[in-house]
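Once you've looked at the hints, go ahead and assemble the two chains, each given alone in its own frame, into the complex.
Read top to bottom, the protein sequences are chains H and F. Residue 454, in my numbering, is where the first sequence stops; the numbers in between run on with no holes. Residue 517, in my numbering, is where the second sequence stops; the numbers in between run on with no holes.
Just so you know, these hints were derived from the structure itself, not from any lab.
Listed below are several chain F residues computed to face chain H (Cβ distance under 8 angstroms; list not exhaustive):
id : residue
1  : TYR112
2  : ASP130
3  : SER455
Each residue gets a CB set at the ideal place from its N, CA and C atoms; glycine is no exception.
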Amino acid sequence: MLGAFLVIACVGGGSPAPAATGDLPDLGPGVTVGHLPSGGTVIVRPAQGAPVAAIELWYRAPSTGFGAKPVPATARLAAQIVAASRPIVGDSLGKAVSAAGGRLAISVYADSVAISAVVPAAAARQIVKVLTTAFFAPVMTEDGYRDAVRDVVQESQISAYDPETVARDAVFGELFTGGPQHFPSLGDPKGIAAISLADARSYATRAFRSQNATLVVSGAVDPDIASAAVAGRSGDDPSAGPEAPAAAEVAATVEPVTKAFGEEAGSYGWVGPGIASPREATAMDFIADYLFRSDEGIVSREVDDKYPEALMLGQFITLHDPGVMFVVYSGSNTAALRALVDNGFATAQKAMDPAAFASALGAFKYHLLSDLQTPTQIADNFGWYSVEGAAEYAPGANGDAGTYFKTADSLTPDFVAAVAQKYFGKTPVVVTLQPVVKESVKTQ
Amino acid sequence: MRPIVALVALCSLLGAAPVSGPSTAPESTLRYPTASVTDLGVTKVLSENDAGAAVSGLQIFVAAGLDRETPSTGGISALVAESILRTPIDGVPLRDAIAASGGSLSYTVDGRSVHYYLEGRTEHLGALVSLFARAFSAPDFSVATIGAARAALATRQKEFEKNALSVGIQMFRQTYYATSAGGPALGNVSTLAGLGTKDAVAFYGATYRRAGVMASVVGVVTPELGDALKALSAGLSDGPVVAVQERAHAIPAEAPRIVAHREIPAPWVVVGYAAPAPGSRDFGAMLVLEALLSDAFQRSSTTTLGFVEKPIGAVYLYDSTPASLVVYVNGTQVDPSLALREVVVVAHSLSIKPLGAPALRQFKTAAEGQFISDSVNLSDRAYLLGTFASQGLGDDAINAAMAALDRTTAADVQRVAKNYLQRYIVALVLPRQSPSP
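For reference, chain F alone in the conformation it holds in the complex (with noise of 0.2 angstroms):
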């Protein structure tokens, strides 16, 4: 096998100033496989087709986000999703059956949605299926396993309060969000021990109803594919899912700021911006901005700077209704205080004068750039067509957002930087007994 060797050298897309001369810009329009939708019944299935994959990826989406816990029910959409995973199929939790059966499955506990993330050759994907199905439609909730998934979810929340850039966006969603739907994904240690059988089983029956599922494939949807999907729908219950609110706090003009300490070696700083849901006339526009934000900071560098190695990024999340942007500043690299003063002057810049012709050129390249780098393996894609086309993008929902950032004008990324990010929340991570900048 070929070594896995960690991406350590990196490089800016953005120097101090924008790149004149002929441009590089692609030359002709960039395109996913056109994803067409099947109807099974009431549940709607996406798929884009990659002729001849070996391998296919499905994202099953369940209404039972964190949007639908209470503050007293924090982390029990985790805790379902982790039952599932654990249910004995012939005696074998359903995540291991999965595995032997030469798959994997995953969830992904997000704002609006809970989504299984299942993944094996294309010819085994439907079987696999009907395997995730028989948990999916009668899990066990019994005392061991709710026991069991607590257990392991509590140990997962407390490696992520580790990590200085999670706990930051979390502090922000916390303050941004009116619902629960900015709650911690896993839960925390208090509410999760409050949670049991009686709560899943409640939560389950509102939420894991044929209306409330979705699914998006990439890669072949095959015959046997359909076929087990449908059954899987089949296998819940009927009946309406409820409709949440969603709703946002307005962010004041005095930019708040939030403080949390942590055992780290130095400050992390995450700005929090409202921001445009991907079926906005906006999305193409916070897509640029995204982009420019992410690396109109980076310190040079011929090849791509990785993660650790960025002082600045940028997170557009649009995983809760309604979306937010976060910017981050990672204190290690650079000086946080001087940093955030960076920030905030580009915000107000971008919103006070329309990037120039070059420029805009540059950004939507980079933006255009980075959209596809990220959404490469069938897992991304699948999620993202799943999310984009829930949120109003249409059934070819990646194409679509392609195209928003394509007809983004300079006029319009003035205005969303002008109707988005001059107001902001501040969350400071700061190692312990450290002043704040």
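This is chain H alone, in the form it adopts within the complex (with noise of 0.2 angstroms):
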């Protein structure tokens, strides 16, 4: 069965969307920053080198639904459907990207949503069009719910068995008493079967409007490739604006978890500052870097050289309010990775030498533009900070003369250390996965 019947309207005349004015952020030249033609955002960043596109679609819009009682899952099957759904004319989106020779991804965090797909350039202008006419006038089938529920389950099934998520998850569960962040993503399989199409629909229909879309196009692209979006449902109202974030509730005291799961595991989650806290932001993301950037952090480094077998990742989410420091590891001594997580934090709250501390960041500064290398790179960290609420501060926003890098630049070695003084110094949440649940504080 087919879903609402849409008027969809494309854009034409191949006019390049307006500069960065008013509302719109600066995000440096050559980067074209502009309107949808039914509200929204459109950000176009052309680049040399491979020929491909990346085209995202990012959301603001809460994983668990709108409604008063969560739903974990809702947003990742919603997204699903609407992917996979055939409408009245033409393929799916799915099928339509794969055609293309391309790569389709959906990735739902606690508080947004990404469609992002990965396209040989050449396709890019045809995939901005199916993208956003399946997105921003949802046609939502009984089969595209029948085969989505099957992919959700089946990856539903797959990441419990990955460390990270589940870490994840307990960490988050754990900080945030409620609101999105307090639950899992993408949720159990029973949950999952359990949303019905009528409900995602009502969820896609709020979400996924252009008013709360942020389009970001980057890679061997036109300026004036924006020009392919289509206007939204025909009943749209384009001055409505996005999604209000979802208001976080942090927990006032936080416990020890302890988990089942298939390994030794363990993990370290404290909250630290929001988006709107830059400077602490950016030493957070300093100091994360400096501790676990993989291969080079020197907790990293020193995991590599002792416990070669060992996952150890670490890195700080930066988020509207507020950001959390997360951390997980696991491997055959999971005492003494924590042991070397711990002294890493240790280090991090004196101040460092100014030498060396010279040195960090200028590797930093190096890693901040080797993550923006390829055009996927670039439109992840524009739709990221652009649906967090601070574009501008997005890593490459101008190159490294924009916001980032000068608030980098403005970074000392007793700043930092006040900084990770002040959030470390509190109680983290500590999440232990074992096989076997031997003794627990606290169990989810």
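Written as structure tokens, this is what we have:
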């Protein structure tokens, strides 16, 4: 059965999106920022290099739905149904991207959703049209629903074996007492199957409207590619704004969490500064890079040398409010890994020698640029910071002369140490994953 | 920083039947930036210019790969490379010195070469190369450095042995290649234990010569980088690099099986085939077959499946000469016996009947998409530019590969399937105490 029949108008004329003005962020020369025809924002960042385009739609939307009762996986399932459903004319989004030789992914975070297509550049214009057609006026069919439930259930089953996902869900579940941050974004197979098509449709109608969207296109594309985006539903009010961010309900106190899992693993989590405190947030990014950068962070290097089989990941997740420092590790000796993590955070709370700090800061800035070398990385970055409400703070906005790099340049050893003491001095959530639950202070 | 999330949702490029109806194939030719070549005397530098790139990447290829090892020196290529990364520069190991200077350095040993990847901010890359050149031209092969390098390799080799797919591919390569090109990239514990300073000095002296080095850059080649590469080349000794014999065993018709057991939950199957070199007229068709075999058996999914979710995949290995293609079956996702039979049947069908026009278009589009998606970052592009150029695709090598793919016909695909996919070696990696499939 087809969903509601909706009128879609294609934007003609091929004129480029307007330059950044007024309420639109300034992301630097070569980056076009404008309004979508029915509201919402479009960011286009052409780049030389591989003939590939990253096309991403980002939404501010809670993973657990808009209802009073949070339902994990609502956003994930709704987006998957949209991508899987075949409209009256043409193929589903999934098939269209596949037929173009591209790859399609859907990522759901606590309070945002990203639909990402990576396609050969020559197909970019067509996929912009197909993607915006699919999401701005979603057609959600019974067949699409059936396929989507199958896919998301399988994804959920696989993620249950991923220590990072399990640990992150546990950390967020303890750091936040309510709101979408408290719940896993994917949920379990039973819960996924219990979400009805009607509920998913209701969610999609509100969440995926054009006015709530940020369309980001990066790669070997024309600056006027935004003209391929379609308008939204005929009844949409272009002046309607995006959704407000979900209010975070931060726990006053936290307790250790122990969960059963297939292998031994551990995790830490602290709340950190929100995006409104960019200098502190940048300091947290610097600390995460200095300690946990893959192959190069001081903790990562020590783990590589002593426990090469171990998994060790650490990062600061910049969010509207608050951010979260998250670390996860697994291996044959989790006690030793935890000791290395503890030692790393203790080191971060001491002011670094100025020469060592200057070197680490230079390395940090190089890492930022290295992590922005592909169209997907650029689009992810602009999309993420846009929905978090601080597009101009995105690393890469205005190249290495923008807000982020200027803020990084303002960091000092004393300030970084003070930020570390401020946030890591508090009790973290400590998550223990183990094959058999022997003893737990609190079991989720 | 935005969160790093693994790509977990995935979709197949191909269903059971080719898609009919309007094609979404690109309407214009896809091209990478046209590569240019700079001759620095003996050493050649290929480059793709991404105007304004904030970060640039450099691959330095040395003709010191596995094909120059012997049975008794297995692992010497990696041992020398590892020692170079550990060579002190002003008291700091090279790799750390480069990291502290705002760059990164890694190396990979493959069949035909060892290649070092250096990356940094474009304006710093020349200085990073100058740092690298100091260790590259005067490596530390002291007992202490060799010992530390050997220990690091042994640890990584141990980890490698836990990866069933890597083990399966290695088993195939060792059976297929008639030379040491099929040996384990990091050596093995027994051969490494016997290698020391004298072996490293001898291998380095015979292979790290100006004539055996080439480089490829993606990003921006600054004058400082050009000067640094010239100096790097000048720091190496002159003299010829001895040619190596590149040979593989003929694969027998009876499809030999080789078996290994590991601590894994489910079997993995690796089916290995001979394959054409990149410079061959069959290259484009084999890229199409790689994409086809990689995706023909996927379960249906709207979003693109990630590695762990793929029951069957294919990898075209053109790092060695002759090249090879492996198709792998993940036994945690699918019945390996059934999947193996399907792979064989599909390969046979492709050899007796040409693809129809819609199917060919679809598979070429899929191959093109896969090729481009796997060749986006600086490291991959610089590697492909160098390795393709050295195997006969010319200086503008990546675009030449794209062109080879573009001109592939149904007859090409059928011919290549017939010539290469009818004989194969099966490597089985089984859980301990599990019956063979």
